Every structure is written in C-alpha cells, then in structure tokens.
Amino acid sequence: MTVESMSQTNHQERIGVYVCHCGTNIAGVVDVEEVARWAAEKLQRRGVIIARDYKFMCSSLGQELIENDIKELGLTRVVVAACSPHLHEQTFRTACARAGLNPYLCELVSIREQVSWVHTDTAAATEKSKAVVAGGVERVLYHEALEPLHVPIHPATMVVGGGIAGIQAALEIADAGFPVYLVEREPSIGGHMAQFDKTFPTLDCAACILTPRMVSVGTHPNITMLTWSEVTDVTGYVGNFTVTVKKKPRYINTDLCTGCGICWEKCPKKVIDEVFEAGLGYRKAVYTPFPQAVPKYPVIDHENCTYFQKGTCKACEKFCPTGAIAFEQEEEYLTLQVGNIILATGFDILDARRVAQYGYGRYANVFTSLEFERLSNAAGPTSGNIVLRDGMTVPKTVGIIHCVGSRDRNYNNYCSAICCMQSLKFAHLIHERTGATVYNFYIDIRTPAKAYDEFYQRVLGEGTIFCRGRVAEVSDVALNPGEEGKLVIQTEDTLAGRQRRIPVDMVILSVGLEPRQDAKEVAKLFGISCSADGWIIEKHPKLDPVVTMTEGILVAGCAQGPKDIPATVAQGAAAAVRVLARIQQGQISLEPVRASVNEELCSGCRICNGLCPFNAIMFHEDRMVTEINPALCQGCGTCVAACPTGAITGTVFSNEQVLAQIDGLLMHNVEPGPLEPAAPA
Amino acid sequence: MDHTPRQIFAMIRADMRDAVLKSNTPWHCVSCYYCTVRCPQEVHITDVMYTLKSMAIREKRYDETIAPDFSQSFIGYIESYGRSFEFGLATRHHLRHRLLQTPAAVPLGFGMLTKGRMDLTPQRIEHIEQLQAILSRALELEVS
Amino acid sequence: MTEPFEPVIIGFTCNWCSYRAADMAGTARIKYPPNVRLIRLMCSGRLDPMFVLKALSSGADGVLITGCHPGECHYLVQNYKALRRYLLLRRVLGEMGIEPQRIRLVWASAAEGVRLAEEITRMVEEVRALGPLNWPGRTNGHLEALEQAAQQAEGEPV
Amino acid sequence: MAKYIFYPGCSLTRNARAYLDSLVAINDRLGIQLDEIDDWNCCGATEYMAIHTIGAWALIGRNLAIAEQQANGSRTVMAPCSACYLNLAKTDSYMQKDAKLNEQVNAALAAGNLHYSAGSLEIRHLLDVIVNDVGLDAVKAEVVRPLSGLRIAPYYGCMIARPDPEHRWDDVEHPMALDRLLEALGAQVIDFPMKTHCCGGHMTQINTPVAYDLIRRLVHTASEYRADVIAVLCPMCQLNLDAYQPDMNRFFNTNYQIPILYFTQLMGLAFGLEPEQLGFGTEFVDARPALRRIDIEVAVAETPAGDAAPKRVKKVKEGLPMPRMPEDEETS
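Protein chains in written order, with the working numbering: chain G, 1 to 681; chain Z, 1 to 144; chain W, 1 to 158; chain X, 1 to 332.
Note that these hints are calculated values from the structure, not bench results.
These numbers come from a predicted model, not from an experiment.
The reader is advised that the hints may include incorrect statements.
Stated by the list, open to error - Looking from chain G toward chain W, a few residues come up when the C-beta cut is under 8 Å (computed): (1) 84; (2) 119; (3) 527; (4) 613; (5) 634; (6) 636; (7) 640.
Stated by the list, open to error - Cut-off 25 Å, straight-line C-alpha distance, at most; resulting in silico cross-link-like pairs (DSS-like, lysine-lysine): (8) 542(G) x 31(W); (9) 71(G) x 42(G); (10) 100(X) x 31(W); (11) 310(G) x 269(G); (12) 31(W) x 539(G); (13) 246(G) x 524(G); (14) 97(X) x 31(W); (15) 296(G) x 266(G).
Ideal Cβ placement from N, Cα and C applies to all residues, glycine included.
In isolation and in its complexed conformation, chain G is listed as follows (with noise of 0.2 Å):
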C-alpha cells in the first residue's frame, strides 16, 4: 500500500519512508498499514513525501521500491522501518547505493525487536512505532553524505589454540599460502581429542586421523607454531592487530633439542599428570604429553623439577646428549602484526567432584568420562586395558550416568551435545574388550547427526542395557544381597515406573562441557562477550557462527559452545575462509564512524586529552589546539560528549542527530502546525 503526501511541498529534502510487515513478524502486532498512512501524512510537514509499507522490505522486489523511488521521486534520505541495524542497515544502504543515493543518508529503525516482538498490544505499539519513524525521519535530516573507510589487511593471522579446531582453522589458511600463528598454551598441539582412543560413530582411532594433521601443522612453512605460549595483550583493529604473547620458559634448548627421550627416561620426579591424562596417569617433571606430540621438544615442569625446588638434580641434563637442557631459560614476550584472529580455544569438563551424591573423588571406581578415554586408550595409563583402579581388576559390570551436570539447572542448564554418542561409544568398547553388562542410565538419547542413531541402535543390539532417568545416588552401601563390594547405583526406571538399586564394579560419569575457566578473561583480552552461559557469543547463531560482534576476530569449535568433531572441523575451516576472503581483499571497509576536531572552536582546555584508550587524541601545543588521528579512533564518541565547546563532532551519531531523535521519539515533529526541518549543517 502506497500513500503519496497531499500536497508536494518544497523541502529540500525529499524522504521516503518504507514500512515493513516482515511477513507476520511486525504486521502480526503492529498495524503496519497504519503506520505509513500516519507517516505520510502527519510527517509530510517534515519532508516525508511517500510512505509504504510492504511485506518484505529486506526482499529484493522491496529493495527495488526503494530503489524505484530514490529514482523516480528524487529521494534524497530514506527510512526504513523493519528489524534491527544490526541484520539489515547493509542491505538497505547497498539498496541506496545501487539507486545512487549516498548508503548513510538512510537510516533503518527497530519496530520488529524493539516493538512487535516484545510488545503484545496493538494499539500500544502502533503508537511506539509511529514515534520510532518519527525518530527516524528527524534524525535522517542530519545525516552526512559519507564515504566508508578503507583500512588494509595485516596478511598474517594468529590462531588461538591448538586442538583440532584451530589445527584446520591454521591448516587452510596456510594452505591458501599466507602465515599464520598457533598459539597453543600446552606442551603439545592436539587439545582434547589427541586425548581420546576412539571417534564415534565410525569408531576411528584418534590418533590416527588427528596425527598426520598435527604433523602438517609441525611442518608447514606457513606456520609458526607457538606452543607453552599465550596470549597477554590484543591492541588495535580489524587488519591490524598488535598481538602480545608470552612464550614460557621450556628450559630447552629447540635448536639442540631431537626429541629422542633421555630426559624424561632419567628424570627421577614422577608426577600425576592432571592435564593429558586427567589426573589418571603419571609423567615426569621433565615431560611431553604423549608420544605423538607436536613439537617433539619436552618441557620441564618448574613447580616440579628437582632441580628447581631443591637446587640439585640436573639429571636431564647429565644424561641429554646434545646439550639441550637450558635451565636458565626466562620467559620471553613475542610481539606479533595480524590482520585476522581465530579464537579456538576449547572446553573444559564439570567438576566431577560438584556432583557430590555421584561419589567422584570419594569412591575410587568412579571415573569421569575423560578418564575413561584415558582408560580405554591403547597409549594410556593401562595401554587401553579397562580395568579398575586397582589397576588390574576388570569390571564385570559397568554403569555409564549421562547427562552428568548438564540440563540441570543446579549445574548447567545446556545439553552438553556430546555425552550422549560418547557414552554409546564407551559402552560398545567395554563390551568389545571386557565382555562385561554396560547399563546407561539416560534422560533421552540424543543422536541427531548423521549415522549417530544407527550407531545407537547398534550398541542396543550389543546388548547394552539402558535405563531411562535420572540417576539418585551412587554409594558403596551393600543393603541387599549381591551389593557387597560393589558401587550400587540407586535410580528410577522411569519406564518400568519403579525405584531400582543396581549394583556395577565401574560408574563412569558422562560429565558435561563447560567454557573454559578463564573464558570470561579471555574473552576480554580479544574484546568480545560471552554468553551468561560462558560460551563465547557469535555474531549470529544460524548465518554467521564463526564471527564475533568484534570485526577481526572469529571463533571456532567448543569455544562458541559444545559440539562434536565433525562440526568443530567444520567451524575451523569456516573460520579460515572467512579470513581468507578478507586476507585477499586486501582492505576492509568500516562504517566511518569517527570523531574530528573543529580547531576554530577548541579552546584548548585538554579535557578531551585524557579520555581516549587508543591515544587517538593528541595535542598541539605550539596552536593550542587538539587534533584527532583518524585511523587510530574507534568511534566511541565519549570525548564528543566531553567537549564543552562543542568543537568535536563525530559522525553518524552527532549531537544534532541524537537531539532530533529524541524530539522525534516525542513526537515533536508532529503536532501541531506547520515548521520548516531545519537545515542540516
């Protein structure tokens, strides 16, 4: 529907104002049609000479309205009402463009989350939109004509973590043939699924796939690995990020160092190795991770070290072949140039121990399910036998809780995604190898990828038993015969409607995954926000899962929220093109957002001086005046505010164009009689 104004009159500025129904979205509560009848009408005096409203503006026969217009009526500032900026202030200002009207001289406000989702009444937000357009239309009077600005992009791109995520993520760029950085905090590559025997559902080993990756990784000229390293500092912007990292002391010597073992077969100081083996394994004070890890070269462990806790020992060194062993090693600060960031940096599991009524920690046979990849892994603690933690008794019966500390809102209210095919896979190894009765205590079974249920169906013909609910407790109390020595499992059979006590040799506990303890600092080194969940927030859920509301920075695998290998990949080699497409732009454009000093009007008072975190502002003091460095200001407009000789403007968001919103958002513009807009500056 079209409403033309009654009477053309000689504005200079001519502004179309355009409606949308987004389908059901908006027009299902506010009276869209309405709006622009109002909008035409009661608007004309302040420029509006048409208004519509159609189904979908973000379509392309919508686009194409608004092009029409600013062709055949001479428009020369557009409004678009429909949902927010952030989805569509591109494609309404490429829309402008395309017609040739400069893209930010329109403006596009909020009816659908800021008005007809979150409002039910009617009458009520038909009102609100009305003052929305009228917010609209006087603050699109003092838009500038502007032109985006061009920044270039630092080739190079750091990837922050180095589990199978952030290997694909530094593999496809590097293939692409530009330099990336993997910065990984542990000794080794591989993250959490080095960790692992077997990948469900195809049940392929682990290593065997995930090795020749890290090997490339190890290998590739464009790769610079920076293992025992991390992130401290991020300054900058999207192309041209100045990157902090602290590389910690190895006490070894790389360009001595051949991996060949020594060390760590002399070191006499024997730990529990809380990381790679998740507390179920020993290793020395001078260790790698695990055999297969990349980069060869050890560490030494300086909490642990002999030599460092008592000043004697030094066997490593003794014993090392090559000289390699450096003790006087310090840490070292690396400064790195990157025009992209990916942050990859994983999960953590539950807290087994939280979970007090499941006994971990108090009963020995109680394990979590990382220990158990452990456990069942041919390199592990017991070469892949599954045995209990005596270290020799294999278990007759085994019972799998799922859903450990996930939808349950006393822990973590998401469903951690992984537990369900993950506990499938564990039953079918411990039937495989010990031929024991596997129960898997479930709330549902979730398997919604491709080839998971068949792989569910297949362990239910194994024999497996399941029992649906949610487990009681679990304890060492024998009240029946048969429950003497054993952990007992105490749960109701949802199904059969009954309470039972199920006595099992093995609880493993199918433990959720969590961010990771310092998410939230991590994600305020890298500028970005996390979830009240932790995970870190995308910039879309459904069509942009790998960017970040921050330009420059994208995230890959369990870091955005749990999910299984396959999808992780997907999200490293996303991740990679997004950057890639970027890299080979070779600039980028950025809203020119940006804050200037008029020099006639500042007084030289210096109450700006102080204000900008990116030192963007500087001082003259042979004029007496302040200038500010275009490429080095963000935007924030927090010294516009600031000056009280109103000589800082900043641009897009003016003084002028906030103060006639507001006016607009009061319906000044409307009631009564007639009034000239005012003559944008």
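Based on the hints, put chains Z, W and X in the right spot on chain G.
Relative to the frame of chain G, chains Z, W and X by itself:
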C-alpha cells in the same frame, strides 16, 4: 506409596485431580528434601507435597487415614498447648491405629518414661490464647 | 474515569552490549512495557548529559542509560566515564527537584536480554508510580522546544 | 561471651534432654551464652505444614516475632534441632522472597499483636555456630581427653543441610562440618556415605516397616564401616535410631548395637566433663561399651592396626591415582 513422585507430577499435568489427592504418596514424604536439591528443574517438590497434603485434608480426599490422623493429632496438641505432647500423641495414635501392636510398643513407651524422656502431662505455653488467635486468623486467610 | 498515566521513557543503548541485549530480548520474545523508546549510540561514553536534559525537558518522564558491564566495554573503559557522568547528573537533577528514580543506569551484556527487559519493566513501574514529570518550563510537545533545541544543537553548549 | 537467641524446641525439653544437658555443660567452654526465646511455641515439625500451610508459617512466625523483640546485641537465632532450624530458617527466607506470604503471615501475627520483619534475624543451627563462630581451633584448645580410637560415624540427617535456603553449608549432599568438628575432638571419623540420608522421620508412627528399613540402612552401613558410635545433631534422628533400634532388630532379626550420641555429648567427653553431666544413661542402646574404649587407652592401642583401618580399600599402591578432592588441595 502407590505412585512414584514422578507419576504424581505426571498425573498433575494430566489433570487427574482426584487421583492425585487420593494418592498416599504425599503422606509417605518424610521431608528429607533430596528431591528438592536434586531436581534439575528446581521444582520445590517437598513443598508441593505439603501443598497436596493440605489440599487433601481440606477436601477430605485421602483414602488411608493413618498419616493424616497423625498430623491432625499432632497439631491438635499444638493448638491446645503450644507445644508438642509426645505421650498423648503416642498413646492416642496407637490406640486408634495400632491397637494390635500396642503391647509391642509398651517397652518403648516404658523406657521413654523411666529414662525421663517423656512427660505424662503436657507443657502449656503461657500465652496460648495469643497463639490460638494467630492460628485462627491464619486459618481465615487460608480458606478465604 | 481518567486514563491511567503512561510514562514515556527515553532509553540510550550502546551499540555493542545493551542494544544487542534489546535485540536479544526481541529474538527471545521477552515482553516489556511499550513505554520505553530506545536510541542507539556507539558507546555509553557517548552519552552527553545534554541528551538527558533535553529528553526530560521535551516530554520524557524518565531516562534509561544502558551500557556494557564494567570491564566489558567495547572501548575498554568508556563506560566508566558514563558512570561518572551519570552520578554527577543525578546530583544535578536532584537539586533541580527531579526524583532520582527518573534516571537509571543499567549495565546489560549482549546476552542479558531478560535482564534488560526486567530493568525496563521495573523502571516503567517506578516512573508510573511517580506520575508525570512536573518540571516548570517543560514543553510537552510544543514547538518552541524544538526551535530551542535546534538552536541549542547549533552549537551552544549546555 | 557471644550471645545467641536460643530456640530449644519441644524435644530438648524432654526426649532430647541429653542434648540440652550436654549443650549447657559445654556452653561456657565455648563462650556461648544462650538467651531463650520467651514463651516460645512448637515449630510444627513436619506436620503442621501438612494441614494448614499459612497456619504453619504463622506458628513459626510467632517465635520469630518474639525473638525479634528480644534481639538485643545479637540477631542470631540458634536452634539445636534440625527440624526447628529448618522451619525457622525457611519461614524467614520464604517471607523475604514472597511478598504475599510475608503479608499473610504478618496479618495472622497481628491477631496476637505481633509482627516480624523478614530478614531481621539470622537463623542458624548449633553446629554452624560452633564450627563457624567458635571455630575448630577454639574447640581443639578445649580438648583435654581426645577421643582417640573412637570410630564415629558423623550423621547429619536431612534438614540441616537441605534445602539450605540461605546457603550456609558447604554441600547439600555431603557436608563436612560435623566431620571436621569430630576430628578436632581427636576421634577417628569415618567417611559415612549415608550421612545425609533420612532417619525415618515420622514414618515410625505411620508405616513402621518403611521406618525400620530406613533405620536399618543407616545402622547397617555404620556397622559395615565399623563405627563405634553414630554422632547426631537432631533429636528426631536420635530418637529414631536409638529408641527404635531394638524394635528394628526384632523386625529384621538382627542385632545391631550402635549407640547414638549427640555431638555435644562427645564434645563434653573430650572436654573432660563427667558423663553424668552430659546426659549419658538416657540412651536405649547402651553407650558404655563404646565409652570404655576411650577410657581404657591401652586397650585401644593394643587393637591391631588392621582392625582399626577402614574396611574399604581406598587406594592400592600400584593402582591408578585418585582424583584430588578439595580437602587435599587445602592441605597441600
């Protein structure tokens, strides 16, 4: 217990009001609060059980009478004296519901008396009329 | 019977956290009263106290200022500057006889749609209870205000 | 002397006399002063709530209202009975969170010219006060006769750590406060897996087979762990496990003989007080054999080490390492 707590909740959802209020399940609740702290949806199950009990009492919908009678005897003493009265409660409850087992309970009662752990007469609080006024106002609020 | 008083509240949001919180409230279909009308700024640090005075003098019954949580500002520390201005502004407005509940600062991260909606609801209730802002010289929709504002916007500092 | 507003509860005046006597006996040593709530009434146990909900809240509210008037220099109400503690704490907590409930309770209290401002008092259990206010170091300093050699099963029962409306306890499933306190007395504290399972509550009156089974699993497990004594902190738990232990034995044809003692009685013993002052002798399951074990120190030392060691094998030398528990982390 004729239904598991889970079944009770399923019955509530299925709007089986009569069957829920007739069930003896809430009367088997010992208020150990395990369910409340373990519920993944943070349902205050123990409190729901209390509510079901009081609804059943109000509508006189319970089939088995032992537990409701015990609770009612217990609060009867509170309303009369302001304190619980174990001797009265135990004898009244036994004579009413466990006449046949009463001889077996005699040693326990005797032990309680000889060890000075039970009084033959109730203790009454000083301002019982104040408490009664409060409780009757509360009852008005509950039924209104 | 007179219509119940419905306040108008102008809300300032920052582009990175609180505007996205508002988007998230929308996406999640969380409901809040329609009395609040939002303006997007790049950062809560952009908030010129003049904006608040302008809104109150032109018909708003309350002003909501929102931004990223302390320590989470997209521009590192600029929300602390907003906080400072907010505290000062509240004092000034207090001396002008404006109830402190009419101006409210809320931190909301991009994930806190629910929280933002709750804060909006609470503020609308409080301001509704206070009644219309009774500020001498307030223009309530008259055109002089616009002209004055336009003059102001020409560059006169407030 | 730290002052506490004291809510004894009905049981302490009679059936749990031993609890009150032993508490009074150790008071001074702990620096605790008890200021009993005037004319307090029953908390309603688990019964009142089953009949009239608002009545139950108001019944408890009367105690809180009187305590609030009485608060002078202390706003902490201390209850030694878990059910009383929970009823008082829950009422205060729910009144704070639920405006309508708060209004209704105060409307009822107004009929007795009383009023309670929710949140004005702090409701705590005796164990909490001893462990967190007095402190384990102060307790240790008073120990003159360590309970070395006495194997104690610490039993908390349900209502002290659950539902824990004000988050006063370290864990709702596996709290450690009583364990640590008993360790401070020098006793050998077993890691009692049933420490927060139900004692049977009112089931002894309603359905004896169910009650006996609940009692049996506690006593049986304690016996499996070779406990000499079960330490309790609630009169209901003591009554069920002690007075009904002989009946339960008859029912199942078993012969458990585990004395059930209040933790305050054990503290008194460790502080060197005479058993008579501490209410010993009122228990149904004779505590004397267990007491003899600690009085005759030599006999304890002669016990073969293997006998005293826990039956369960926790760690085999060459086995896989156990996960580290928070306690280990604190000490390491």
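Do the hints match the structure? See the list:
1. Below 8 Å, beta-carbon pairs count as interface contacts, and residue 84(G) has one with chain W at about 5 Å; its hint therefore holds.
2. Against a cut-off of 8 Å between C-beta atoms, the interface hint on residue 119(G) holds, since the closest Cβ of chain W lies about 5 Å away.
3. The beta carbon of residue 527(G) is positioned within 8 Å of a beta carbon in chain W (closest approach about 6 Å), and the interface hint is therefore held.
4. The restraint placing residue 613(G) at the interface with chain W holds, with a minimum CB-CB distance near 4 Å, inside the 8 Å limit.
5. The beta carbon of residue 634(G) is positioned within 8 Å of a beta carbon in chain W (closest approach about 6 Å), and the interface hint is therefore held.
6. At its closest, the beta carbon of residue 636(G) sits 4 Å from a beta carbon of chain W; the interface hint therefore holds under the 8 Å criterion.
7. Satisfaction of the interface hint for residue 640(G) is found here, the shortest Cβ-Cβ separation to chain W being roughly 6 Å, below the 8 Å cut-off.
8. With a C-alpha separation of about 23 Å, the suggested pair residue 542(G) and residue 31(W) falls inside the 25 Å cut-off, and the hint holds.
9. The suggested pairing of residue 71(G) with residue 42(G) holds, with an alpha-carbon distance near 24 Å, which does not exceed 25 Å.
10. Under the criterion of a C-alpha separation no larger than 25 Å, the hint pairing residue 100(X) with residue 31(W) is consistent with the structure, at around 24 Å.
11. Taking the CA atoms of residue 310(G) and residue 269(G), the gap is near 12 Å; set against the 25 Å cutoff, the hint holds.
12. Simply put, residue 31(W) and residue 539(G) have alpha-carbon atoms about 23 Å apart, close enough for the 25 Å limit, and the pair holds.
13. Between residue 246(G) and residue 524(G) the CA atoms are separated by roughly 17 Å; this keeps the pair inside 25 Å, and the hint holds.
14. Proximity of residue 97(X) to residue 31(W) is assessed by CA-CA distance (about 23 Å); at most 25 Å being required, the pair is judged to hold.
15. In summary, the hint linking residue 296(G) to residue 266(G) is supported, as the alpha carbons are separated by about 17 Å, within the 25 Å threshold.
Checked against the numbered hints given earlier, this structure breaks none of them.
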